[in-house]
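Chemist: Here is what each chain is made of, one letter per residue.
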Amino acid sequence: MNAVAATLRELATLGATGALHVEAFSGAVFYLVEGAVAHIDAGSAPGIGTLLTASGRLSKDVWESVLTVGAPTGRVGALLVEQGYLSQGELELCVNGALFDAAYFALTLEPTSVKFAEGERSWFGGTLRVDVERLVREVTHRQDQLTTVFPSSEFDAAALTLVTRLPKEQIVVDGLRWELLLNADGRRTPLELARMLGRGGFATLLEVRRLAAIGLALSPSATGAAARPAVSPYRPAVGRTKPIPAASTLSELFGPGDRRGAAEPVPPARTAASAPSVGEAEGAPDAEPAPLPRRVNGDGASGKAVNGAAVPLPRRGDPIEPERPAGERIQPLPPLPKRVPTRVVRPSQQGRAPQEPGEPAPALVTSPGPRWPSPPPEIYAEAPSISSLRRFRDALQEFS
Amino acid sequence: MPGIDESLQRAMAISGARGANIVDFTSGLVVGTVGDWPYGGPDAAAAGATEVVRAARDNSAFVGPERFGGAADDEDRWEDIVLTAQGRYDLLRFLHTQFDGRFFLHLWLDRSQSNLAMARLELRRLADELVLQ
Chain S
1 MNAVAATLRE LATLGATGAL HVEAFSGAVF YLVEGAVAHI DAGSAPGIGT LLTASGRLSK
61 DVWESVLTVG APTGRVGALL VEQGYLSQGE LELCVNGALF DAAYFALTLE PTSVKFAEGE
121 RSWFGGTLRV DVERLVREVT HRQDQLTTVF PSSEFDAAAL TLVTRLPKEQ IVVDGLRWEL
181 LLNADGRRTP LELARMLGRG GFATLLEVRR LAAIGLALSP SATGAAARPA VSPYRPAVGR
241 TKPIPAASTL SELFGPGDRR GAAEPVPPAR TAASAPSVGE AEGAPDAEPA PLPRRVNGDG
301 ASGKAVNGAA VPLPRRGDPI EPERPAGERI QPLPPLPKRV PTRVVRPSQQ GRAPQEPGEP
361 APALVTSPGP RWPSPPPEIY AEAPSISSLR RFRDALQEFS
Chain W
1 MPGIDESLQR AMAISGARGA NIVDFTSGLV VGTVGDWPYG GPDAAAAGAT EVVRAARDNS
61 AFVGPERFGG AADDEDRWED IVLTAQGRYD LLRFLHTQFD GRFFLHLWLD RSQSNLAMAR
121 LELRRLADEL VLQ
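In order, the protein sequence lines correspond to chains S and W. The numbering of the first sequence is this note's numbering, which starts it at 1 and goes up by one. The numbering of the second sequence is this note's numbering, which starts it at 1 and goes up by one.
Calculated directly from the structure, the hints in this document are not laboratory data. Glycine included, each C-beta is placed from N, C-alpha and C at the ideal position. Be aware that a few hints might be false.
To be verified - Calculated pairs, SDA-like style, for lysine to any residue (alpha carbon to alpha carbon, straight line, at most 20 Å):
(1) S/K168 with W/A55
(2) S/K168 with W/D58
(3) S/K168 with S/I214
(4) S/K168 with S/V149
(5) S/K168 with S/R187
(6) S/K168 with S/S219
(7) S/K168 with S/Q145
(8) S/K168 with S/W178
(9) S/K168 with W/F62
(10) S/K168 with W/A61
(11) S/K60 with S/L79
(12) S/K168 with W/A56
(13) S/K60 with S/A78
(14) S/K60 with S/P72
(15) S/K168 with W/S60
(16) S/K168 with S/G215
(17) S/K60 with W/Q98
(18) S/K60 with S/G84
(19) S/K168 with W/N59
(20) S/K168 with W/R57
What the hints assert, rightly or not - These stretches of chain S come out as covered by chain W in the derived footprint (C-beta under 8 Å, 3 or more residues):
(21) 88-98
(22) 189-203
The whole structure should be built from the sequences, with the hints applied where relevant.
Modeler: Structure follows, in structure tokens:
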């Protein structure tokens, strides 16, 4: 299939346990236990937290507190059941759906580099064990399915725009289709919609292609909206606060999709097609003026050539300490001297420091989604910088 | 509380049960399987059942199983699809999860040894316990 699948197969043969970090524009982490895949974090697919909170199954507070307590020990899944938030069946179904969904996006990445951290365990915990071959087979099957429904991938990464007149007498509208029809605004891509609605990424892509097949979706080439990145294009600006490798590792785990609030609107200025998309970097017009300085030009061409370690300005996938030799375990860093740890969150506080100064007011729609898990306390000290940077960025966007 | 595997085992305890699958019908993926699946194994059965579900879902004579959130008291919410043959019953029971998921439980039974009404009721109870309705 590709480099990622090949590496996974190799690790499966070795019966390896650890985390495979795939660095790409929107990176991913595979967690393996004895050669089987136990968990996948993919930046572009909605994570378990997004699925559970955006649907209203769990409140954000519950999710964050379970995350704070369970993530450092990798027991988030177990805690959700033990504390009665989910039934065992719900957990398994949800994890299963999310894992294969993430696999679809993680296995189709064009990685700039791939690293394996031996022994690293997932923050969620091993609810599942999925055979690598089965995963690869299912992803291939899903690709075929997309092609069968609608042969072109032009709608996958472009903002979804609908035609104004129904091309048929009637169509059947089910839950997902209804939500897509309601929320397609010509600005959000299918994956952004999926994260916002808490719907599966693949299911959303499939539904968008069905809409396209009916003739309900307006072709991106017709609307002039070329492929947009499936992840926030501002990420490099945030990532530029490097070097903070440990904090960046966490931001890697929980891509913008997971951290952004479900209700977060897309900033107006982001409608421009201005950065490479996940798989089709070449489709992005590089000349588009960027709202914030960021490394866009030439990414499409150089994406494979540059090594993660040599790139001065990180992209989505860079944050995993590029200097770290493969195989070495990720060590929590000592607190950075310059930062005031205003937001140290301890399990004893149920994941919520009272009146955190760095925390956006609940009314702010820009409030980040579920907080990233598994941090040693000193890493939380980085959170204000990232969230305040994001708010700063959004404010800049607002007025530019 | 039962997980997927235990639920499947319990489904097999229904009298006349020959095979049980839990299928994600987004793509026809087998989430869990137990028992005997003639004609191509559990994957083929899941793919076939998924097509049945999809065909019914896309038909405006029926309404979708997750029709607009699928409130538990919605009279139009799908419960199961039943297919009968001279020798067997196939029961597809939808699992309504509040989070985004498209799952059904597929149970097939030997007709001579089973009672369709009883099997449906037991399957319903089993599905409700699996996802806590």
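Chemist: Can you name, in rising order, the numbers of the hints this structure does not satisfy?
Modeler: Hints 5 and 7 are the ones this structure does not satisfy, whereas the remaining hints hold.
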